[in-house]
Amino acid sequence: MELGIYTFGEINQHPDGKATTDVTTRLDQLVELAQNADRGGLDVIALGEHHRPDFVLSAPEMVLAAMATVTERIRLTSGVTVLSSQDPVRVYQQYATLDHLSHGRAEIIAGRGAFTESFPLFGYDLADYDELFEEKLSMLLEIRQHDTLTWQGKHRPSLNQASIVPRAKQEPLPVWVAIGGTPASAMRAGLLGLPMMMGFFTGPEQFVPRVELYRRAAEQAGHDPAQLRLGASGHMFIGKTSQGARDSFYPYYAEYMRQMGLTGGTVFPRDAYDHWIERGLPVGSPQQVTDEIMKRVELLGIDRFLGQIDVGNLPWPMINESLELFMTEVLPVVKRETGAVIG
Amino acid sequence: MNTAATGPRSIGILGAGRVGTAVARQSLRAGYPVKIATTKPVEEIAMLVDIITPGARAVEASEAANADLVVIAVPLHKYRSLNPRLLAGKTVIDVMNYWAPVDGLIDEFENDPRTSSEIIQAFLPEAHLVKSLNHIGYHELEEDGKKAGAVDRRALALAGDDDHAKRMVAAYLDRLGYDPVDAGPLCAGRAFQPGTEIFNGSHTADQLHAVLAAALASSAS
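Order-wise, the sequence lines are chains P and F. What the first sequence shows, in the working numbering, is residues 596 to 938, in sequence order. What the second sequence shows, in the working numbering, is residues -19 to 201, in sequence order.
For the record, the hints were derived by calculation from the structure and aren't laboratory data. Heads up, the beta-carbon is just placed ideally off N, CA and C, and yes, glycines get one too. Watch out, some of these pointers could steer you wrong.
[Claimed, not checked] Below, computed lysine-lysine pairings styled on DSSO-like, alpha-carbon distance capped at 30 Å:
#1 P:Lys890 with P:Lys764
#2 P:Lys890 with P:Lys930
#3 P:Lys749 with F:Lys20
#4 P:Lys890 with P:Lys835
#5 F:Lys58 with F:Lys20
#6 P:Lys749 with F:Lys58
#7 F:Lys58 with P:Lys890
[Unchecked claim] The following residues of chain P were derived to be distant from chain F, with all beta-carbon distances above 10 Å:
#8 Glu712
#9 Pro761
#10 Met782
#11 Gln801
#12 Glu807
#13 Leu808
#14 Met855
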């Protein structure tokens, strides 16, 4: 079982106006976050690509490279790479380079993306949302297999005996597929036999049939079930006490939801927030968050959990408190319990 | 409203994404036979339908459109993949939303003063379109339903221009576990689009009537 964190590097404002909104400061924080996570024994840190003024990570590969030079063992991954609007050749080159800089710790988590800004930015049509992802993912997998590639598709110029270098240090470079609940995405990940990262905030039970679909699709396509890997990711906040965590996180979370437009500009109601926690949002004491992670392990058979450690551009002391509790109180228990489960 | 006589006997769902499959499962729980179609061939979605919506049948769009009631649950930007001819004369629920912060800006919907459902109706001129099931989360749809008469039963709004179609949809919503509340003609669906109080919250029938009345009053002033 692997535990990790992810961040989108938000620089959105807080209700109290005290948020860090300086890009330099925020990027420094992220590199320090990776160092702390590495020292504290976390397995993975993931950076999610976004192209919005309130997020600093439009080029997560750059930041992962900075992290690579100051960490020892933590794995460094995108989360996600919005592959639909990227060139798979360039993505591979960047992560292969990162793989060498980090001595074999690079990974890619590819997804369709929860936001859509990158489509107009890079000249893609949102109407091709699904087709673009399908084609680019299959191209990335081809590149991963072959150092010289002849390739033809609809959304990218053809390649004729093109040499794609450097080659990654790991063989193969890990590529995960992220899904947000669309059944066909789970099926595609299974048919390809790729590890699947499931992004959701509440209600892990909803993913039970998706996992079954993933496994059945993989089996049908002839992939070895023992090689399949599953992960879950989502918002997370840990405080010393259950009520304290709930109360201190709420204003930032509610403001974030409002600014993202997820509530149509209105307030995210406190009772809706409390309901989310009851339905599985990992916010609370170390014990509660441990239970939520273990519920995902038991229901879905995941062997990786990634918590979004700073959602809503939390104040730096709150990020560090949550991270510290995750590493000192949640991690040892989850590792022990999953060790026992897996035997 | 006598719902028993007017209710549908079968449900066809176009789209097997998060919303379509949730509507399918809730319909199956309510005892309806359910057929699901996508733009892909049946054999490509059969396994998905078997596992994600056990009891439903994967079919071609033409067969799904043969059901008494057809639910459209495709991504909004793909609405032109629907076949207007198949849906002519049918009672159709439009569950789709134009929700730019989540799904991205779509110029066509951004620059049109009409609601998304009115644009869909114009594309499907002969369908009896009813806007509903769009203001409840697909998770909640499977969790919040209660028997008729239950205390605090959640209500769902519906809007459409055809009374017979609306009666059928009302009967269907009731059997899914929700109090149907008629918001008026299709254009009245504006009151429960993304960003509205109804879209963001959960309401009983009385509360929903009150919010709709307030929305109507403010739009008239």
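Next pair to validate is P:Lys890 with P:Lys930; report whether the Cα-Cα distance is within 30 Å. holds, 14 Å
Under the criterion that the straight-line Cα-Cα distance not exceed 30 Å, is the pair P:Lys890, P:Lys764 satisfied? With Cα atoms ~35 Å apart, P:Lys890 and P:Lys764 exceed 30 Å; violated.
Decide, holds or violated, for the assertion that all CB atoms of chain F are farther than 10 Å from the CB of P:Leu808. violated, 5 Å
CA of P:Lys749 to CA of F:Lys58, is that 30 Å or under? holds, 19 Å
Hinted pair P:Lys749 and F:Lys20, Cα distance within 30 Å: Given that 30 Å is the threshold and the Cα spacing comes to 19 Å, the pair holds.
Is the nearest Cβ of chain F still more than 10 Å from the Cβ of P:Pro761? holds, 35 Å
Per the stated criterion, does the least C-beta distance between P:Glu807 and chain F lie above 10 Å, as a non-interface residue requires? violated, 5 Å
Beyond 10 Å from every chain F Cβ - status for P:Met782: P:Met782 is in fact no farther than 10 Å from some Cβ atom of chain F, at 5 Å.
Please check whether the beta-carbon of P:Gln801 is more than 10 Å away from every beta-carbon in chain F. Non-interface label on P:Gln801 violated, nearest chain F Cβ at 6 Å vs cutoff 10 Å.
Hint consistency between P:Lys890 and P:Lys835 [alpha-carbon to alpha-carbon, up to 30 Å]: The hint holds at about 21 Å.
Whether P:Met855 stays farther than 10 Å from all C-beta atoms of chain F, as the label says: Label violated. Min Cβ-Cβ 6 Å, cutoff 10 Å.
Taking 10 Å as the cut and beta carbons as the points, is P:Glu712 off the interface with chain F? violated, 8 Å
Taken one by one, the earlier hints fail for this structure at numbers 1, 7, 8, 10, 11, 12, 13, 14, listed in ascending order.
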